[in-house]
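Q: Next come the chains, spelled out residue by residue.
Protein chains: 4
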Amino acid sequence: MTERLNVAVVGAGYWGPNLARNFAASSEWDLAVICDLDIERAQQVSDRVGGVPVSASLDEVLADPAIDAVAIATPARTHHSVVMAALAAGKHVTVEKPLADTVERGHEMVETARAEGLVLMADHTYCYTPAVLKIRELIAAGDLGDILFIDSVRINLGLIQPDVDVFWDLAPHDLSIIDFVLPGGIDSATVSAHGADPLRTGKSCIGYLAMPLAGGAMAHVHVNWLSPTKIRQMVIGGTKRTLVWDDLNPQQRLSVYDRGVDLAEQSKATTTDARAANISYRLGDTWAPALPEKEALSNMTAEFASAIRDRREARTDGASGLRVLSILEAAKGSLGRDGAPYPVDTTHGTDRT
Amino acid sequence: MTERLNVAVVGAGYWGPNLARNFAASSEWDLAVICDLDIERAQQVSDRVGGVPVSASLDEVLADPAIDAVAIATPARTHHSVVMAALAAGKHVTVEKPLADTVERGHEMVETARAEGLVLMADHTYCYTPAVLKIRELIAAGDLGDILFIDSVRINLGLIQPDVDVFWDLAPHDLSIIDFVLPGGIDSATVSAHGADPLRTGKSCIGYLAMPLAGGAMAHVHVNWLSPTKIRQMVIGGTKRTLVWDDLNPQQRLSVYDRGVDLAEQSKATTTDARAANISYRLGDTWAPALPEKEALSNMTAEFASAIRDRREARTDGASGLRVLSILEAAKGSLGRDGAPYPVDTTHGTDRT
Amino acid sequence: MTERLNVAVVGAGYWGPNLARNFAASSEWDLAVICDLDIERAQQVSDRVGGVPVSASLDEVLADPAIDAVAIATPARTHHSVVMAALAAGKHVTVEKPLADTVERGHEMVETARAEGLVLMADHTYCYTPAVLKIRELIAAGDLGDILFIDSVRINLGLIQPDVDVFWDLAPHDLSIIDFVLPGGIDSATVSAHGADPLRTGKSCIGYLAMPLAGGAMAHVHVNWLSPTKIRQMVIGGTKRTLVWDDLNPQQRLSVYDRGVDLAEQSKATTTDARAANISYRLGDTWAPALPEKEALSNMTAEFASAIRDRREARTDGASGLRVLSILEAAKGSLGRDGAPYPVDTTHGTDRT
Amino acid sequence: MTERLNVAVVGAGYWGPNLARNFAASSEWDLAVICDLDIERAQQVSDRVGGVPVSASLDEVLADPAIDAVAIATPARTHHSVVMAALAAGKHVTVEKPLADTVERGHEMVETARAEGLVLMADHTYCYTPAVLKIRELIAAGDLGDILFIDSVRINLGLIQPDVDVFWDLAPHDLSIIDFVLPGGIDSATVSAHGADPLRTGKSCIGYLAMPLAGGAMAHVHVNWLSPTKIRQMVIGGTKRTLVWDDLNPQQRLSVYDRGVDLAEQSKATTTDARAANISYRLGDTWAPALPEKEALSNMTAEFASAIRDRREARTDGASGLRVLSILEAAKGSLGRDGAPYPVDTTHGTDRT
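Residue numbers (this note's numbering), protein chains in the order written: chain A, 1 to 353; chain B, 1 to 353; chain C, 1 to 353; chain D, 1 to 353.
Only chain A is shown next, with the shape it has when bound in the complex (with noise of 0.2 Å):
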């Protein structure tokens, strides 16, 4: 076994007890202290950990040589600077979604860690549960064939955020997921964006993303805090199956379909008519893969000391942020044009190396 990784996690707000229970638990890791400006709230999380250092101050923290990464729990508006600060203190990240709350700063961000030869890794969670791990395992392995439509439905009777709308609150689990099945990543050059605030909230609550995909397939999103039902639900249509993620149904969280719409090989370059007489349906049977019981965040815990050993890209890389980012953040260009169709900065972070 090699020596344990050290590190801190900051900020112990709604997300940060989570990352530290998973830290302590983990062989990979000694979780060697948590730092929040608010010490109490920092004690609290130590307490039900175990009782490990405590401390409000950032900088000592960074300080501490023994330190090797930092877990970022903080507010989004403050992980450009506290993720900064980090690399320059040559610590490894992985920092909460979204990655920033801009692409100019969440770029930055990238290629300071990239100059530096550091891991920031997104915490893009979901993309570490079982269900997700075997969707990309599946589509990796060809066994969707080519990726015809992704259809993402979160839902829910939710709290409205004082500080972000419904797209920034929950799209970013979506389309991390997309972007983390799709080989390649999502790869949408525009986003249409239509938003509803009926209650007069002053944001969004009800949104919708419409993402087209390469080779005249489509992604769409539809999240919503107003719901009295709760659905958290992927459609995956692909040319050879069709994968339904019902995260909600514990007893069959995967189906795959063999269930579809064929076109006969020869008829694509030909006319309709001869198109329609080459169309035929597969009825086929369903399958439910098993999926081991794993906690998302401990697989997450795993693969970021994992990227740091081995001096690798993690799974869900700083790249991989920046991509939702730059959707996110073209999302909000579509919705002040009333929905119109609004490109995706790809000048910056769509280098997926």
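If a hint is listed, it holds; no wrong ones were tucked in.
Pairs count within a copy or across copies, as identical chains cannot be separated in the list.
Calculated cross-link-like contacts (lysine to aspartate or glutamate; reagent style DMTMM-like; alpha-carbon spacing at most 25 Å): (1) K240 / D285; (2) K230 / D143; (3) K294 / D258; (4) K230 / E295; (5) K230 / D163; (6) K230 / D258; (7) K134 / D285; (8) K294 / D247; (9) K240 / E293; (10) K230 / D246; (11) K240 / D197; (12) K230 / D247; (13) K230 / D285; (14) K230 / D146; (15) K294 / E3; (16) K134 / D258; (17) K294 / D262; (18) K294 / D143; (19) K230 / D262; (20) K230 / E293.
Since the hints were made in silico from the structure, they are not lab data.
With chain A's structure known, arrange chains B, C and D on it following the hints.
A: Relative to the frame of chain A, chains B, C and D by itself:
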């Protein structure tokens, strides 16, 4: 009991047999004749309803003074000519969706019927299901409060139609229902349509429609021919309650949730921060009204008879068909502009009296 | 193509019209006559299948040498006399469940058919559904391994029948299915029946049947007329896999779970403690086979024709009807003894050849 | 606020940590000590609740005059001796299900507690879930009318226990709930138990319990360790309404159906035929009450404190534990008689005051 009305069913293809069966079973109607250019097809339908006269000549049927009304189930591109001929012959008309293939033609049909004092009814069959009738009643009674959003999903592994895309095939159902349950009908000024044709069939197989409603509300429709699972669900959120219609759950089609977000009234004019302080959440009971078991087409034929006898517009009148058509046409316009919002033509048919 | 067989449908009440429709639609059969004491009722059925001769006289029908076979859907108490008359007239017979009202009479029917070399088929319609045919096939192929338990639930808010209790009304479905899918048929030596009549209707409205099977296995049936929710579900556990049939879930009627408990083979003769050490759990994939969409009665009429032509027993032969009847009769005996186990009469009809 | 009570948790195995966590979090209690023969295990539990004293000596704990009450989560066979010792030391007691391993021993415990004026509570945790509390309230208020039947299913792929069969492992949950919601508690005079052990584990892995209730009603329980799907459902039918509790559907755990069968009152003494004429069916609305989100054990600890302070029996008192135990013992008797009904011992503990 008043005298029965005589009806001719025109078109013996997919939908005509259902019309024939319901008119034949109605105590309000005598099914006088089944008309189709393909006389054998007409005869087959006739055999199944106990044998009624058949005809291959529309002219002959329309010339018969005993015929009071015509039910038309021919292809959409023929609706205009068949309906205009029927109106010219002084017949009341019910016509399958969509009303016509262009708003202009639909408008002419509506104007002609009005001028002649004849009933022109859109056979928006779904509107006559017990579930939709109940939804309309609940909204009209104010049980949901003001409408905040409508989200409709109608997806299935469906036949790829040779002549129409998924919008024109499936969305008329959603649009006619939304038009029916919203007091005053659907009033979107613009439509944004996003379609995808990843199989290169020459038409959209996946479609999304975003339609802003008055007061900051939003209606959204998702139609899809490529989904391996069948979903027919509509969520209607209101200020008081939210309703979910799951048409594939016969044990609980309608659920009315006393859950939602409340904003204290006084805060409406104040700042965002004051507003945030006045948000509260209701997590009340759920109620599933019992629904009568009644075939929709049976309700439709009764409404058609009643409108004729009472010399009034049908509940799904030509104007409603025209509003649906206007949105489909605007959707086509939006598709041509890569999904940018497209104005709905309200110079025709928005006169909802 | 061989010549069609001529069939008479006897009984035009609840089930007869379905028989008439399916025989009329079959390419194997000519529906020759519909027979009912109530000639008007017979005529109504005839009208719906394009008009076939009707008769109020069973004797007349049986005397017709052109009639090859008779399909009987009269009340259960008349089955014996009608079937015996049909067999005496040299007709092949299919008869609605239950085979007869007593085991003794059923036995005479089976013996007579055998002696005359005529097909006597039990119309256990459910056995011909695609789902049950698939279950039989999977078990026969060994896909489930040895059967450990069968649990069947068939509950609904049902009509309280004037003449039969809930056991005789609903359980024949479950029992005939269990008999059909178990290789060799159901072989319970005893039955325990628990009934309740809390509304004082004079008969059981709620019923449970517990039936030990060979090898320590168990079959159990729950039937209920008083349940507000409808459930039709059968779980069949095997040493290799377990199958769940949810007949009200058209999107996934059959699920085959590769989950279960394994005992290491060598431990079977050893002590409990050793055994405990050798228990392991499988948590494998789930598989939902695609099922053809085929009406059960259409499969039944084909099997009836095939059995007649091939001079073989039908898959649901008289003996299977007799086994079901024996269990119902034993259940009645158990009810009379407050649920104590009652022996199943196997002197009749257990000769499964 | 009154002074807090001091509690010792005895037993730090599977259930003890949950008790410790809830007593520690309660404003009514001070968790004084965690006691286990395995002091390391006790220490681990202590660590997770912020560090409380531990002890390996029950005698020491009971000798401490500061301890008001003891919560016992040791193996069932030790309940009698531990509880008797605690009562002898003047401590109030809550003890995990089952109350004891024999009715006789349970009876002695109940009598002793009464004689000493001490609270003896059965920790029937499920009874303190919001769903079960609501069911009890609805039945007590007469909302369901007279109870006609209770059908409880609790099946899953479960651990085959080394020391108990499926009846003693799972059925205490169902029985304690039924006892809790029925006014006056469960009153079955006999029990019929049917078990199966098809894997030859030496004990029943599948079990059914049929229990006649007063007035012709029936309770039935199905427990099963071999089911690949998890079901936890209870249907309670009443003369007015029927309730379904689906514990695995967090979005609608309780549904109250205004559906059922009505018999006209006057017909109750008349003939079957007259009765049939007076049957009618209600198909009314469904109602799903909102339930508070509250952990059951938190309610349990509050009830324990309240019973002690008010010097009253707990809602799940020793007598209820004894009734559950009596049924389990009768079930064992029935199993020994091949499922014949076995009398429930009501000489002990049926005194429900």
